[in-house]
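Engineer: Protein chains in written order, with the working numbering: chain A, 1 to 382; chain B, 1 to 94.
Hints are not guaranteed to be accurate.
To be verified - SDA-like mimics (lysine to any residue), calculated; alpha carbons at most 20 Å apart, straight line:
| no. | chain 1 | residue 1 | chain 2 | residue 2 |
| --- | --- | --- | --- | --- |
| 1 | A | K234 | B | K70 |
| 2 | B | K16 | A | L195 |
| 3 | A | K148 | A | N243 |
Keep in mind that the hints were calculated from the coordinates and are not lab data. If you're wondering where the values come from, they're calculated on a predicted model, not measured in any experiment.
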Amino acid sequence: MATELSKEEILRYSRHLILPEVGMEGQLKLKNASVLLIGAGGLGAPLGLYLAAAGIGRIGMVDFDVVDFTNLQRQVIHGTKDVGRPKLDSAFDSMKDINPYVRLDRYEVPITSENAFEILKPYDIVVDGTDNFPTRYLINDACVLLNKPNVYGSIFRFEGQATIFATEGGPCYRCLYPEPPPPGLVPSCAEGGVLGILPGIIGLIQATETVKLILGIGTPLIGRLMLYDALGMKFRELKLRRNPECPICGDDRTIHELIDYHQFCGVPQTPVQEIALSSDIEPSEVKAKLDRHDNFVLVDVREPHEYQIAKIPGATLIPLGELPKRLSELNPADEIVMHCKMGGRSAKACDLLRQNGYTKVRNMTGGITKWSDTVDSSVPKY
Amino acid sequence: MARILIPTPLRQFAEKNDNVELPGATVGEVLSALITRFPDLKKNLYNDEGKLRSFVNVYLNDEDIRYMSKDATPVADSDTLSIVPSIAGGAYGD
Numbered sequence: 001m002a003t004e005l006s007k008e009e010i011l012r013y014s015r016h017l018i019l020p021e022v023g024m025e026g027q028l029k030l031k032n033a034s035v036l037l038i039g040a041g042g043l044g045a046p047l048g049l050y051l052a053a054a055g056i057g058r059i060g061m062v063d064f065d066v067v068d069f070t071n072l073q074r075q076v077i078h079g080t081k082d083v084g085r086p087k088l089d090s091a092f093d094s095m096k097d098i099n100p101y102v103r104l105d106r107y108e109v110p111i112t113s114e115n116a117f118e119i120l121k122p123y124d125i126v127v128d129g130t131d132n133f134p135t136r137y138l139i140n141d142a143c144v145l146l147n148k149p150n151v152y153g154s155i156f157r158f159e160g161q162a163t164i165f166a167t168e169g170g171p172c173y174r175c176l177y178p179e180p181p182p183p184g185l186v187p188s189c190a191e192g193g194v195l196g197i198l199p200g201i202i203g204l205i206q207a208t209e210t211v212k213l214i215l216g217i218g219t220p221l222i223g224r225l226m227l228y229d230a231l232g233m234k235f236r237e238l239k240l241r242r243n244p245e246c247p248i249c250g251d252d253r254t255i256h257e258l259i260d261y262h263q264f265c266g267v268p269q270t271p272v273q274e275i276a277l278s279s280d281i282e283p284s285e286v287k288a289k290l291d292r293h294d295n296f297v298l299v300d301v302r303e304p305h306e307y308q309i310a311k312i313p314g315a316t317l318i319p320l321g322e323l324p325k326r327l328s329e330l331n332p333a334d335e336i337v338m339h340c341k342m343g344g345r346s347a348k349a350c351d352l353l354r355q356n357g358y359t360k361v362r363n364m365t366g367g368i369t370k371w372s373d374t375v376d377s378s379v380p381k382y
Numbered sequence: 001m002a003r004i005l006i007p008t009p010l011r012q013f014a015e016k017n018d019n020v021e022l023p024g025a026t027v028g029e030v031l032s033a034l035i036t037r038f039p040d041l042k043k044n045l046y047n048d049e050g051k052l053r054s055f056v057n058v059y060l061n062d063e064d065i066r067y068m069s070k071d072a073t074p075v076a077d078s079d080t081l082s083i084v085p086s087i088a089g090g091a092y093g094d
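Excised from the complex, chain A in its bound form (with noise of 0.2 Å):
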């Protein structure tokens, strides 16, 4: 444990150190302390920046992705140099620029029950930037299970949320969310969007309320659920409560181990496409299907603004929203093949028009991101 800063770090550390709620004793809590940042995405980028910057002495990063480019509009600890390489060495740069006295930790794999005690056990502090709901209810029941904070954030378009879970006697993830949605209810990151600046403030909302725990100043942000809409710059805040009957961390605790997060959250962990479906249909051969002008209806299921982006000259954009309402347009005899971005909204606009009666409709695999991939790289990805 570090007893004293040197004088590089006293210099560096000046305008904490003259802080009177900081000063000397704060920056040692702050050079002592260790976090895990679960996630180098949205919310992982300035958590690292400005974690690093802060003085933390420990900081583990948990991340298994590359940089790509559909990143950068938000994940500023990339850059476009970094494009393809791991996001762990990408932002282990420029944290590391930005802070050499901290030392960093990576594990760069895919978080599970099996590892999750494993990875959390050596820090203070743990930060959920993660992206989906098993690996956020797994972060939840760990970080209970350890007795370690979690501090919370999660965006969607222009809106996001952030509350510390997990404090001797405070509310837990469950206690706010017994259950994730069922897949297919809410709209998956990829197909919703979220506006670039956004996991910007909810990420340096958990950066702030991490400082504070390890400083101990302050009020934090336990028992409180904080609503961010940046469209009507509007802060709100929720009363959170600790559920007496939360399977975790109620007085009749019903779950004592980590469990199965796929299956919990109703997401199949081997997908079923290979039983499935000799409906599918490839990009190119679709393509060879619109060359040879065969009789077949292509449906373009993505929403107006994805369709201006780019589009499969020939389709006819019918928004999943409105096809059960526009069904009329579409005639049963004609063999039909749907499209999205990836192939999952024209699944679902599959099984909708077999369920009113439809049986000649393929589902093209890949969406239009394949099409560009396979057929006309003049398509643009987004």
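Mind docking chain B on chain A? Use the hints.
Structural biologist: Using the frame of chain A, we list chain B on its own:
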């Protein structure tokens, strides 16, 4: 009339409204007026047994109705109801 705030993910089922004013003396009555006006919201708010889904919370002002009288919680004209669903985004790895 109480004001009810509709969150981004659900606006597509509510003719893109971000808030509406609806009559009702209890939380249950206001919510019922809401799904009468926007029937597409029903399956997103309620399960097959007609109970509020467990990833959707409803707050009367800043208080969770689960810790008040749930659907029977009285609502005054000056009150604001918020629907706050679970959102997962953060890293957007894909």
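Engineer: For each hint, tell me whether it holds in the structure or not.
Structural biologist: Hint-by-hint comparison with the structure:
{"no.": "1", "hint": "A:K234 / B:K70", "in the structure": "violated, 26 Å"}
{"no.": "2", "hint": "B:K16 / A:L195", "in the structure": "holds, 18 Å"}
{"no.": "3", "hint": "A:K148 / A:N243", "in the structure": "holds, 18 Å"}
Comparing the model with each numbered hint stated earlier shows that hint 1 is the single one that does not hold.
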